[in-house]
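J.: The residues making up each chain are set out below.
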Amino acid sequence: MTLGPITFAAPWALAALAALPILFLVLRASPPPPRKALFPPVRLLLGLQTDEQSRERAPLWLVLLRALMATLAILAFARPSIAPPASAAPGGGAGSTLLVIDDGWTAAPHWSDVRGASLDLVAQAERGGGSVSLLLTAPSARPIDPAGALTAADARGVVQRLDPKPWSPDRADAARRLAAAAVRPSRIVWITDGLADPGAADLARTLERLGPVTAITPALTARAIVGARLSDTGVAVDVARAPGAAPQGAVAAETADGRSLGVGPFRFAANQTRAQAQIALPPEIAARTARVRLIGEQSAGATRLLPGGADHPRVGLADPGAAGQPLPSDLFYVDRALQPFAALQRGPIRDLIAGRAQAIVLPDQSRLPDADAAALERFLERGGLVVRFAGPRLANESGPPLPVALRPGARTLGGAVAWERPQSLQPFAAESPFHGLAIPEDLVVSRMVLAEPGLETEQRVWARLDDGAPIVTAAAHGRGLVVLFHVTGNPDWSNLPLSGLFVDLLRRSIAFSGRGETGAARPDAAAGPYVVTRAMDGFGALAPAGGDVASIAPDAFEAARAGPRSPPGLYARAGVAAVIDAAPADLALAPLVLPEGIARRGFDGPTTLSLIGPLLALALALVALDLLVSLALVGRLPRLPARAAATALALALALAATPEAHAQAGDDPTLELRLAYAQTGDAATDALSREGLAALSAVLRERTAVEPGAPIGVDLARDDLSVYPFIYWPAPPRPQRLSSEALANLDRYMRLGGMLLVDTRDGGRQRQETNRPAAVMLAGLDAPPLEQLAPDHVVSRAFYILRAYPGARGPSAVWAESASVASARDGVASLFVGDGDWAAAWSGRGAASPRQREMALRFGVNLVMVSLTGNYKSDQVHVPALLERLGRER
Amino acid sequence: MARGAAESLVGDMPGALLEARRLAALAPGAHGRRRAGAGDGFWQYRAPAPEDGARLVDWRRSARGERLFVREREREAAQTLSLWIDPGAGFAWRGGDDRPSKAQRAHVLALAIARAFARGGERVGVMGRVLRHGPRAADALAHDLAAPCATEPSAPPPRSAVLIVSDFYEGEDVWRRRLAAASSVGAHGALLMIADPAEEDFPFEGRTLFRDPGGAGASVTLGRAEHARAEYAARLAAYRARLRALAGAHGLAFLAHRTDHAPAPAFSALLAALSERRR
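Just so you know, the sequences run in chain order R and F. Everything in the first sequence is counted per this note's numbering, starting at 42 for the first residue and increasing by one. Everything in the second sequence is counted per this note's numbering, starting at 119 for the first residue and increasing by one.
Okay, chain R solo, but in the shape it has when bound (with noise of 0.2 Å):
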């Protein structure tokens, strides 16, 4: 039903307005409660009369308001809109629309107001009854048939999935796509692009004599990217314009990952249709330069692949995960090298070989897991590249892959090996890849692992010390390369790290990664066609090229121009990258000049308007008044904001209360310190270990600050052991290697900082030499290197003062972790090993005397002091001194 401009799409709910005047009636015949008042003196009131008219009715503007809350619901549920006036829709819909719709990149900028147009030019046939056939200009694999005739629910879908195409409208092939067509619509609406192209006239021309003609162009016409070049300032663009287009912006420069690197304006000279932009950046960075895009608008035409820039090599940076301090870290300095050159990842190496990563960069580690080891393998076969960093554990245990074989041990100033004096690089040689970087006089390397010399190791080197020891050294390992920097990756031992010299070392053994495309095969070199490796859409975005995409023979590349057969994106033939561009180098844009039968309207003009919205919110708004009002005339509004605050208040204090009251002591083992020992799976030894461990927290509990808890066990595998800050590890009668997981979770522990105490139990016994359980338990572990406990290592001195490290039987062998080796925690070691048997010694069981058990324990406290309060004691040497100091000043 139409009133006027108004339509109602469900004027049956009209019906409901005959209801208002019972509404009136009943409204006014109940007046809204009398405001309630207190009033001593009302027996002076007794009698008194006073306007009978108003006394039982609701006032007459209550009653209006409510009606017109009432009247507007009803016009809301009858679903009006404003449709556009008759001169806007010649026909009024009726009988069948042509739509012809420009569907080509230049498009796109205004394609939402396109499409918006569209849909209300099918509203509009759709209020007709009439039929809509769509002529889209763009070419298609696939174009859509003028002559089908579809129905407005139809047209409506198909206009909904329309997007523009990523090349140019091709008008002429329109026009004769229409004229075959023989159709005959009652009125014809053209949705320009508002550009001209050689067809434009033959298609006016064609639709003027099917019937009236009314053409949408938009107000600012599309701008493309002619062209796009690295320079030696940053890039340069060309953009290009039709007369009468805006006249500035600004041009962006962006990574493949779509990260902005830099912005350059630009601007028309006047009546110019061409503009330059430069995007100021280094070389460096202007190399990673993927596409090259219009600030502001979206299309084909406005963004521009460069091919180098998708390059960069994806190199992974293997870490292990643990949390450590980020600058000690070998990673720190190789991430801050390599990210102007390289795509990085970081995580676990099995991740970044599944993240197809060309090149893997590996920190200090002496083995990897076994699983890690296999898939590194599987990647170097495939071409890929690891670059290893030696350190403290490379140089204690060696595990492949390397490029040479290294000797135990390092190398160090005043070592076994020794040096005089720290030494720098020598010149590199020609066959280096390194050949012609500069060394900088200050370098200095003071540590570092070994080769093990011979005819091969000489062939691998790609650096050498001073003195010929190699320092950087590759071989290939099936596909692919290992590189070893025989130094760490962090200034620990060399200051080469810290040197310009790392970053052009690291960019130049990365080149390398080129040597195998893992994951994806790369086509063969000799032959085959150019294939679309990331086609573009018309609004200038990249995604996997689709299905139907015909390749392109190489001779007929260079000619190729951006249609339905050779869509713009990306191609590549034997490795090489190339680019279809939507918007031709040679590209001139044109406004579209349309014959004077044509009428013209811009987007702007009058759409369909629905007022369901509008009515509702102001019936709602009149409800929301209504309640106010009710409110105020039984005087309850003033008393309305005190009594929302307390409510709001009750609520609040409700729900801080809750949290509360489900907060609930449970065995939380981050609440109460517990000592922990490894469950072995022999119950004999895990009941020793518990009552050992008992008998040490109590001897804690009385004598010091520290107060544990109940002893606990651990399953060393699945727990998480972060929480416990000593673990107690005894040697079972049999000895058992561990699970890839209780490994893994041992090595995390111990990098955290927690303290693990492995008992051999084998004090004082006869030994076997062939077959320690040491070598079996720790068998697989990321170990540090070990040395035995000095007489002043900071355990003699955590609590009690010991001369010796007592066991069950006597004094014991302790080792622990060297405190070089345990820098990153200051020196603390994680790691103890000994054979004293201390389960048994503590519990009493297996002591001798009961001396030797009291000195067994004090161990124990000491041991126990060290894991909570670090190195704090070897500080304490130096109290005497400061005192004295403090005093002298005094």
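These are computed hints drawn from the structure, not numbers from a lab. Keep in mind that a hint or two might mislead.
Just a few of them, taken from the derived set where beta-carbon distance is under 8 Å, the chain F residues facing chain R [said to hold, decoys possible]: (1) TRP161; (2) ALA265; (3) TYR287; (4) GLU317; (5) PHE322; (6) ARG325; (7) PHE328; (8) ARG329; (9) LEU340; (10) TYR350; (11) TYR357; (12) LEU361.
Just so it is clear, the structure is predicted and the values come from calculations on it, not from any experiment. Just so it is clear, CB atoms sit at the ideal spot from N, CA and C, and this is done for glycine as well.
Using the hints, position chain F against chain R.
T.: Showing chain F alone in chain R's frame:
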């Protein structure tokens, strides 16, 4: 209701005392009877006049010197002030948060008057209870006032001053009876009518149901309260005129006070009205 009002009054009493003390300081000095007369307290020695008989000479004092002394005593005209404050719930009502209730104001004024009288050495008391005198009379009285007064003012002591504080809305007949009882024993004094501004201005509008806070069940619904404003004002004025005439007939002053006005002028007027009749 009455009990609640009483409790709230107890809570307010220290504040009322303070305010009463401040008000009492306004009383113009010690009033009155600081002169020689019949009484027990020493007043002064003076030289004997020819008309004084030898009986009046204080021989003990005179023996210490050459001259004769006559010992004079201070006159004690021990007057009595009886208070009654309306204990009704309607009196404890207030029309808005920005002002005290009528009863609160009544307590302040009554205590101030009592303090001023007690300082003059007179006896003060709540009707039907013990009379207080001495320097702490006002504080003791405050304690007495913390409990609501009797519902009916009882007969005051003969020839005493009475102070009756109420809103006087019970009706002319009730008050005629009460005042007759008081005046029958020769009492003089004042009636203080305290009104809430809402009771005088009648600020109500629209359809309103009026209820007596006393819970007497009386209620009136007015369709348009604003139209009743003029009629109400006329009725109130007429009622007050009749009360004033009634009070005059019994020899009592009739004073009106609004709770949104400062209490000081009412205190002064009250003090003047009570003192005037005493002399």
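J.: Any of the earlier hints contradicted here, and which numbers?
T.: Violated hints: 1, 2 and 12; rest satisfied.
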